[in-house]
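For the protein sequence lines, the chains are A and B, in the order given. To convert, take the position in the first sequence, counting from 1, and add 1070; that gives my numbering. To convert, take the position in the second sequence, counting from 1, and add 10; that gives my numbering.
Worth flagging that the hints you see were computed from the coordinates, not collected in a lab. For clarity, every value in this text was computed on a predicted model and none was experimentally measured. C-beta: ideal position from N, C-alpha, C; glycine also. One thing to keep in mind: the hints can contain errors.
[Said to hold, decoys possible] With a cut-off of at most 20 Å between alpha-carbon atoms, the simulated EDC-like pairs for lysine to aspartate or glutamate come out as follows:
id, chain 1, residue 1, chain 2, residue 2
1, A, Lys1209, B, Glu148
2, A, Lys1209, B, Asp275
3, A, Lys1230, A, Glu1258
4, A, Lys1139, A, Glu1122
5, A, Lys1230, A, Glu1140
6, A, Lys1272, A, Glu1251
7, A, Lys1139, B, Glu177
8, A, Lys1209, B, Asp271
9, A, Lys1228, A, Glu1189
10, A, Lys1188, A, Asp1205
[What the hints assert, rightly or not] What the simulated footprint calls covered on chain A by chain B, stretch by stretch (three residues with Cβ under 8 Å from a Cβ of chain B suffice, anywhere in the stretch; the number is not a length):
id, region
11, 1140 to 1149
12, 1174 to 1185
13, 1222 to 1235
[As the list claims (entries may be wrong)] One-sided and incomplete, this derived list gives chain A residues near chain B with beta-carbon spacing under 7 Å:
id, residue
14, Ser1153
15, Asp1205
16, Lys1209
17, Glu1259
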Amino acid sequence: MSLISVRNLSVRYGDFTVLERVNLEVAQQEFCSIVGASGCGKSTFLRLLLSEEQPSGGEIRIDGAPIAKEPQADRGVVFQRYSVFPHLSVIENVILPMELEASAFCGRFFGARRRRAKEEAAHLLERVGLSHVRDAYPKTLSGGMQQRLAIAQALIPKPKVLLLDEPFGALDPGTRQTMHEIILSLWEEEKMTIFMVTHDLKEGFKLGTRLLVFDKLRWDPQAPEAYGATITYDLPIDRRDVLPPELEAKAEALNKEPSRNEGPLNALP
Amino acid sequence: MGRLINRRPGRAGQVLLGALPFILLAAAYLMASDARLAVNPNDKLLPSVQSFVDAINRLAFQPDPRKGTYILWDDTLASLLRLGIGLSVATGFGLVAGVAIGLLPLARSAFAPVVAVLSMVPPLAILPILFIVFGLGEVAKVMLIVIGVTPFMVRDLSMSVATLPREQLVKAQTLGASTWQIVTRVVLPQTLPRLVSALRLSLGPAWLFLISSEAIAATEGLGYRIFLVRRYLAMDVILPYVAWITLLAFMIDWALRHLSDRAFDWQPGERGL
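Could you put the whole structure together from the sequences, leaning on the hints where they help?
Here you go:
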């Protein structure tokens, strides 16, 4: 049985249709890359998976049960920015989820429990390469380090699904490369399901086991808001590091404004 | 270095430039005072330095012949107590209401409009009501400070809470935080620096309300003394009192600023403001 099933999902704001007829079945431990032009509803789709927003129609199920109406610990998230808490040091950011789970009123550990939690967190920090800055505040960290911290923090509650909203979008290419390796190794070890929204088709192709392309199937020049986007391509990806040459050109097109008459990705194999 | 916008003072130059206006003000006062006293040695408007020294000595270091206490310290204690209680109540209430309105949509819908309207009521206009309701004692004076400062605190803090990134609140929920935990572990710690700066900005209005209410009905207090001796044109008392109030206000502000810089070292951005 699939872990996540999305049935006939749609989102409308008044007359403005963002998403329509989205259907999807995702098995456990898949890594879905979500790509599409700006404003095609891919971030909206992620917010629905997060329950930050409610769909106008259709439903999302996890393990056969409808998802909770508000964000829960079963779905972790890393945003492009503001994903860590600036008033907590690196190690405090990582032990925060443990404190929240164990101490309903104080939300804090003291004494021996705090030490134990810190030891556990130290192990995770080691894996994402932040041991040397464990007592620093996020303001002193680089963008890449902050994102590594955000990922480590999101993994603590052991979410079934990890949602990544352009997590590497603000990083320079070298840092991105490192982040890719880190996220792949964590994904393999933790055996979780990942959804990653990205602007970068190459990145999506490199990391994902499956590529979901969001685009509008129908387009009315007189009423651009009438039709919403849906998943136009659902592509299984073999593990390989390079983008096939025929997709290179499409990657370029994706970064530009979409030409609406022929969806930029309609010629995908 | 040609353009004025590129010319910067050195270290000594900074101190000198900073001190210059004070020196000029003092010099101007002394010259004017001398000129008036030369014409009329009994002039009360611009007293000499010696009369200031005498007045300060009499009020601060000699016990009052009638009550046997030191007037300046009595006045200071009474005023600081009113100020402290008033500001504490306003800050406490401002924090609770500000966080509630900033974070909880239900509280925002219920209370934001009434706070917006109430904050437009001029506090001094309802001073008579306070005296009627609370009598002429301490409560009315403290209440004026509370009523004058609280709406600003509530609005400032609720705006600050509302500008916390949405991402942080969502992230906290995905880490399993309840509303209470979000308040205590995410929102409050990040609101405290703003609370301190709101308090600093409220010091000026708080002193204004304090002195106004002391001027109207009190038996001791810094504002009371100033308005009492005004009848005798006792500038030799009024000016040292004004300087003392200024110094007190400046020191409280300085202490709060340093507290903020030390206690909230996680904060990015401007220091020393």
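For each hint, the structure was consulted:
1. A:Lys1209 / B:Glu148: violated (46 Å)
2. A:Lys1209 / B:Asp275: Holds, at about 10 Å.
3. A:Lys1230 / A:Glu1258: Holds, at about 13 Å.
4. A:Lys1139 / A:Glu1122: Status holds; Cα separation ~8 Å.
5. A:Lys1230 / A:Glu1140: Cα-Cα ~16 Å, so holds.
6. A:Lys1272 / A:Glu1251: holds (15 Å)
7. A:Lys1139 / B:Glu177: holds (17 Å)
8. A:Lys1209 / B:Asp271: holds (15 Å)
9. A:Lys1228 / A:Glu1189: The hint holds at about 17 Å.
10. A:Lys1188 / A:Asp1205: holds (11 Å)
11. 1140 to 1149: holds (count 8)
12. 1174 to 1185: With 5 residues closer than 8 Å to chain B, the region 1174 to 1185 of chain A meets the three-residue bar; holds.
13. 1222 to 1235: Check passed, 5 qualifying residues.
14. Ser1153: holds (6 Å)
15. Asp1205: This hint is violated: Asp1205 of chain A lies away from chain B, its Cβ roughly 11 Å from the closest one there, beyond 7 Å.
16. Lys1209: Holds, about 4 Å.
17. Glu1259: violated (20 Å)
Checked against the numbered hints listed earlier, the structure breaks hints 1, 15 and 17; every other hint is satisfied.
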